[in-house]
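J.: Sequence:
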Amino acid sequence: MPHLPILRDLVIVLAVSLVVVFALRRAGVPTIAALLLSGVVLGPGGLGLVREHESIEVVAEIGVAMLLFGIGLKLSLRELTSLRALIFGAGGLQVGLTAGAGAGIAAALGHPPGQAVFFGCLLALSSTAIVLKLFENRGETDAPHGRLGLSMLVFQDLAVVPMTLLLPVLGHAGEVSWSRAGTTLLQSLAMVAVIVVSARFVFPRLLEQVVRARSRELFMLATLLTVLGTAWLGSLAGVSLALGAFLAGIVVADSDYAQQLLAEIVPLRDAFGSLFFVSVGMLLDPALWLREPAATLGLGGAVLVGKALVVGAVALAFGFGLRAAVLAGLALAQIGEFSFILAAAGQAHGLIGGELMQRFLAVSVLTMVLTPFVVLLSPRLAAHTERVPWLRRQLGARAIPAAETSAAPADHVVVVGHGLNGRNVARVLRERGIPYVVLELNPHTVRDARRRGEPALYGDAASPDVLIHAGVARARVLVVAIADPSATRQIVAVARRAAPRLTIVVRTRYMSEVGALHRLGADEVVPEEFETSLELAGAAMAAYGVSGRAIERDKARIRQERYASLVAEGRATRPVAPLGALLTAADLDEVALGEGSPASGRTLREIDLRGRSGASVVAVARGGDLTGNPAPDFALRSGDVLWVWGQPPQLEAARALLEAGAERA
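In terms of the working numbering, the sequence shown opens at residue 1 and continues consecutively.
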C-alpha cells in the first residue's frame, strides 16, 4: 500500500484544529482567529507537526478559491455594476492612499524607492476571505459599511494583477522591457475576459445539460469543474486561483443555478477554507514575537490604526457617516492573503527575504488574528466615537446636508433603510397614501431614491439628532429595515428614548435577536429566519394540494405558539385579531357546475347545501357577472362557478353534492 505523507499531515491538521477551535470557541474566541492560532501551533515555529507544507498550502489555496467562489455567488455582475463608482472611486483612492503612505514611511526609514513602493503595495491589500466571511456571519453584507468594504476589496483584488506585473520594474528597473510588461498585461486582461465569457455563457449551458441528467453526483462534478476550471484559467492569467474563482462566482451568480451551486459547494468551501486559515498561521515563526515582542506588537498596531484611518477617511470623503467609516475602517485594517502571494513573488526579484520576510509574516498574521476581535468590538467603538463632541461638530454637517433640512410630516412613518425590504415598505405606504420619510446611510442610495421622487434623507438613524430631524417625535411608526444587527439594536434604543409612544417595527435575520430587540423597546419584531421557515412550509404544503386557507391557518397557529412563548418570557405581545382567526379557520373553495350536475336548474333553497353539508354559497359567477351573497331562490345553471365557504370536511361534502355524478336529492 503506498505511503501518503500528506494524509498523515491532513489528519494531524484536522485533529489539532478541532481541539484548538473547540477550546477557544468555548472561551469566546472567533473561529477564524482560532484557526489562525491552530496554524501557529502546527507550524515549524510551533510544534512542527506538519511535514508536507507545500501540499497543505496547495489544498489551502484550493480552499480559498472555493471560499471566494462562494462569496462571488452571493453577489452578481449587475450588483457590482451598480457599485462601480465605489469600486473604482473609493477602492482606487484607498489603495492609492495606503500604498503611498506605506511607500513614504518605508522610504523615510531608508529603504530603496523600488522596495518602498513594494512595501506600500503589500500594505494596501486587505483580507477578502476574512472580511467577507465576517460580514456574512454577522449579517452585515448589505449594510452600508458592508457595501463599502466589498467595493474596496473588489478593487484591491483586481489591483493585484498590475501590482504583480510591476514587481520586475521595482526589483530590476534597468532590465525590464516595458513592451513585454505591456504584452503580459494585455494577456492577463484577455484571460480575465475568457473567464467572464466562460462563466457567463459556457458553464451555464454545461450545467443545463447536467441538470437534465437528474444526477446529484454529476452536478457535484460540474460544480467542481466550474470552480477549479475558472481558478486554473485565473492562474494562467497570472491573477491567482482565488481571484479567478471570485470573478467566475460573480458572473455565475446571475444564472438559474447559482443557489444550487452554492448549496453543493458549502461543505467543501467550509472544510477547505478552514485549511487556508490554518496554512496562514503556519507561516509564522512565534520566536520572532518572543524575541522582539514590542516591535511586532507596535508594527501590528500601527498597521491596524493606519489602515483604519485611511479607510475611514475615504468613507467620509464619499459621504458615508461616522459609524460606517469606523466599522469599515476597522474591518479592512489587516494585511490580506493576496499580500502573501505578492510577497512570495517579490522574493524572486530581491524585494523581500530573510528576516524581513519573517517580520512581514509576523505582523500580517498578527493583524489577521486580531481582526475578528476588532470587528467584534467595532460597534461599541463606533458608538463611543459618535459621542465625541468635536467629531460630531465637524461631521454633523455631513449627516444632514442643508438641502435636507425641511421638516418631516406629522403622523408619518419613518423607514430606516432603503434596501429591498425598505423599498417594499415604502411602496406599500405610497400606494396607500400614508406619509413616510426614508432614512438611509448610503449617500448613493439616497441620491438614486430622490431621483425617483422618494422623500429620502441622508443620515445615521442611530444618531438622536438624525431621528429628531426625521420627525420621529411626531411619527406614528418607525420601521427598521436594515441588515446591521448592532445598528438595529442601537436605533431601537435611541428611538424609544426619543419617542416613548412610537410604534417600532423591526426586521431582523435571526430568532436569537428577537428577545434583545423587545427588551430595547421594539413593539413588533419580524425575524426573517422564522418567516422564511413558514413560507417554505407553506410552499411544501401547496405542492401536496393543501388549500391556501389551510396553509394560512397553520401559519397563524405557529405564530400564535411563538407569541405564547414571548408571553412566557415576560414580554407583552399583541393578540391575534378575532377576524384573522375567523378567516384562517375556514376555506373558500371554487366549484364549477358541469352539464350533469344535480344542482343545475335548482335553487339554492332546494339544494339546501348548508343544511346537508354545513358549507355556504357566498358568490356565484355566471359569464362575466358575479352575484355576491345570492338569495335562497337563486336558480343555478350548468357552467356556473360557485364560491363555497366552510371547513375542509364541509367543503368536501359540498363538492360531492354539486359535481356531476353525485346522487340527486
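Since the hints were derived computationally from the structure, they do not count as laboratory data. Careful, some of the hints might be misleading.
Straight-line Cα separation of at most 25 Å, DMTMM-like style, residue types lysine to aspartate or glutamate; simulated pairs [unchecked claim]:
| id | residue 1 | residue 2 |
| --- | --- | --- |
| 1 | K555 | E524 |
| 2 | K133 | E264 |
| 3 | K555 | E528 |
| 4 | K555 | D465 |
| 5 | K133 | E529 |
| 6 | K555 | E535 |
| 7 | K555 | E513 |
| 8 | K133 | D523 |
| 9 | K555 | E606 |
| 10 | K133 | E292 |
| 11 | K555 | E531 |
| 12 | K555 | E529 |
| 13 | K555 | E590 |
| 14 | K555 | E595 |
| 15 | K133 | E513 |
J.: If you draw a straight line from the CA of K555 to the CA of E590, is it 25 Å or shorter?
T.: holds, 22 Å
J.: Given the hint that K555 pairs with E529, does the C-alpha gap stay at or below 25 Å?
T.: Distance of about 14 Å is within 25 Å: holds.
J.: For the pair supplied as a hint, K133 and D523, is the alpha-carbon distance within the 25 Å limit?
T.: Roughly 32 Å separates the two Cα atoms, so the pair is violated.
J.: Under the criterion that the straight-line Cα-Cα distance not exceed 25 Å, is the pair K555, E524 satisfied?
T.: holds, 17 Å
J.: Check whether the Cα positions of K133 and E292 lie no farther apart than 25 Å.
T.: violated, 31 Å
J.: Is K555 close enough to E606, meaning Cα to Cα at most 25 Å?
T.: Cα-Cα ~38 Å, so violated.
J.: Run the distance test for K133 versus E529: straight-line Cα separation, threshold 25 Å.
T.: holds, 19 Å
J.: Does the alpha-carbon distance linking K555 and D465 stay inside the 25 Å limit?
T.: Roughly 40 Å between the alpha carbons, so the hint for K555 and D465 is violated.
J.: For the pair supplied as a hint, K555 and E531, confirm whether the alpha-carbon distance does not exceed 25 Å.
T.: holds, 9 Å
J.: Hey, K555 versus E528, does the alpha-carbon distance stay inside 25 Å?
T.: The given pair, whose Cα atoms are some 14 Å apart, holds under the 25 Å limit.
J.: Between the alpha carbons of K133 and E264, is the straight-line distance 25 Å or under?
T.: Answer holds: K133 to E264 is near 18 Å, not above 25 Å.
J.: Below or equal to 25 Å on CA atoms is what counts here, so check K555 against E513.
T.: holds, 21 Å
Hint violations for this structure: numbers 4, 8, 9, 10, 14, all remaining hints satisfied.
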